[in-house]
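A.B. asks: Take the given structure of chain X and dock chain Y to it, following the hints.
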Amino acid sequence: MVRMSSLIRLGAAGAAILSLSLGAAADNGAASDPYAGAVARTVRGIFEYSRWPQPRNPLVLCVVGAAQHAGQLGNFRLVDGRQVVRRNVAAHVSALGGCDALYIGSIALTAQRQVTASVRGKGVLTIAESDPGSSSEAMFALTYKPGALSFRLNIDAVSRSGIKVDPRVLRVAKGGS
Amino acid sequence: MADKRQTQLPTLRLLLARVHLRLILFAVLLATASLMLSGALVIRNYMATNLRLAADTVAYSAEPAMVFESREAMLEAIDTVAGYPSVDRIELFDPQGKPLANWARPHGNPQGVVVRLLNSLMWPDPVLAPVSHSGEQIGEVRVYGNSGGILRFLVAALVIALSCIALSIIGTRILARHLQQGVIGPLEQVARIAHQVREQRAFEKRVPAAGIAEIDRLGQDFNALLAELQAWQAGMLSENAELKRRARHDELTGLGNRALFERTLGAAIAAGQQVALIHLDIDGFKQFNAAHGIESGDAALITVAERLRTILRGEDLAFRLGGDEFALLLMPAPEGERIDAVIDWIAVAMDDAFRLPDGQMTRVALTTGFARYPQDGISTGELLSKADSAMATDNSPDQDKESQGNK
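Heads up: the sequence lines are chains X and Y, in that order.
Numbering of the first sequence is given in our numbering, commencing with residue 1 and proceeding in unit increments.
Numbering of the second sequence is given in our numbering, commencing with residue 178 and proceeding in unit increments.
The shape of chain X in the complex, shown without the other chains (with noise of 0.2 Å):
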């Protein structure tokens, strides 16, 4: 585990050429992992835009396994006023109970399959923090580029999760499912 994140921040070192603030992040070491920040506001934007089935507050939001940029991934509060609570859990689908939204960390794709697919069409928001092939069939799959995060959003997995998110999430979204 140490030595993935070491990895990601070689990447985020060999990024940092081009953005001094990403550089300058990146020799803060792990506290200061340069898309923890821009994370956190992600799925807080998330959060946002998607209405649960019935109306929850707090909402828990569960990071399932290891996460990378989970770092800034606190507890919130949404403009609304509900309260999102962060909790750790374990990357088992056992461990499911309780979430209304699963940050998936960096773990192996099949146990990524299995989370989502535990989790569908029972009110539970997806993201997945690490599915460069948008095989995980988590609703949302975050991007990485040097510099700028962005996501992807897979629309059949929003439709069968039985969570509604805004259509504009679309436009902000990259390339769709």
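Derived by calculation from the structure, the hints in this document are not laboratory data.
One thing to keep in mind: the hints can contain errors.
Capping the alpha-carbon separation at 16 Å, the derived lysine to aspartate or glutamate pairs in EDC-like fashion look like this [as the list claims (entries may be wrong)]:
#1 Lys463(Y) / Glu502(Y)
#2 Lys145(X) / Glu249(Y)
#3 Lys563(Y) / Asp553(Y)
#4 Lys463(Y) / Glu483(Y)
#5 Lys122(X) / Asp156(X)
#6 Lys463(Y) / Asp475(Y)
#7 Lys382(Y) / Glu365(Y)
#8 Lys174(X) / Glu249(Y)
#9 Lys164(X) / Glu48(X)
#10 Lys563(Y) / Glu502(Y)
#11 Lys174(X) / Glu246(Y)
#12 Lys174(X) / Glu253(Y)
C.D. replies: Leaving out everything else, chain Y in the frame of chain X:
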């Protein structure tokens, strides 16, 4: 002088054309101006609605972009309305007033100055739309209007107005020509007739019917006036002729008087024409008058005049010079023997008796003498005195006649 004034005065056709042109120009300009103004106002109102719509659209679709802080998505949101013709500039600000994204319509150089000027006049302030998320303002959209559309409308309206004016000018010309045929034509007819009447004294001319009530009435009055003038002139002419005739003719016998005789002979001499003058006298007229009375004397004079007239040829003329004195002018002058023959005819003609007013039958005889121009004299007086003296010398045969007449 009259011609000069005529060229300076404008014709009725020109006046009518001018009035029409002014009227049409006024109407076209008024219509164009009001149409342009109302059109520009309507367009501006539509544009205002459009700008409001564009601002709201951008605010709505930029909201998630701002929540996600994605500049690309912000630009995309702006792009959705960037094509609107009424939009000139779109700017996106965060709540602190920091610009996040913007778009501006590119302007061509020569046209751009005008459009920018018009934009600043028509849209001095942008249309504002807050970007809010769940009731909280997270940014602001500012949309500036583009007046290129209004400019195009104004230019098109101006072009249409100019073509309307051009069409109107052509129309006025045609209208003026029609008016000339319909109104000015008949009027000119009246004017032409009046001119002819004045120039040629052609009082028999009449104005034809015009087909327009007013001008027809004018023409009728004019014709009536002409008829009066014609009658008046005819009367004056005949009166003049009568006066002239009276001045030159003897009242009693109807023959030319001494004045006409002298004028006629003078004219013939002036023309170099050969003339024979026969001078005649009634023998013993004083005694005849005394014996029978003045009325019978007049009857004798009338009878002599009638008989002299009967022997005249085409060109010959008879005159009563005064009292019992008559003269014949034979033109052209015949030979000497022919003159003698004429004198014999006169004697024969006088031979018949005639009835006096008191019923008595009688006859008179004439003493004759003649002179010829240019052989016997070259002036009227000379010829007359020559003929007179011939009458005095040549009276042996007349002596017989006189004695017969006095019997």
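A.B. asks: Against each hint, give a clear statement of whether it holds in the structure.
C.D. replies: Each hint tested on the structure:
{"no.": "1", "hint": "Lys463(Y) / Glu502(Y)", "verdict": "holds (12 Å)"}
{"no.": "2", "hint": "Lys145(X) / Glu249(Y)", "verdict": "holds (13 Å)"}
{"no.": "3", "hint": "Lys563(Y) / Asp553(Y)", "verdict": "holds (7 Å)"}
{"no.": "4", "hint": "Lys463(Y) / Glu483(Y)", "verdict": "violated (20 Å)"}
{"no.": "5", "hint": "Lys122(X) / Asp156(X)", "verdict": "holds (15 Å)"}
{"no.": "6", "hint": "Lys463(Y) / Asp475(Y)", "verdict": "holds (12 Å)"}
{"no.": "7", "hint": "Lys382(Y) / Glu365(Y)", "verdict": "holds (15 Å)"}
{"no.": "8", "hint": "Lys174(X) / Glu249(Y)", "verdict": "holds (10 Å)"}
{"no.": "9", "hint": "Lys164(X) / Glu48(X)", "verdict": "holds (11 Å)"}
{"no.": "10", "hint": "Lys563(Y) / Glu502(Y)", "verdict": "holds (15 Å)"}
{"no.": "11", "hint": "Lys174(X) / Glu246(Y)", "verdict": "holds (14 Å)"}
{"no.": "12", "hint": "Lys174(X) / Glu253(Y)", "verdict": "holds (12 Å)"}
The structure fails to meet hint 4 from the earlier list, while all remaining hints are met.
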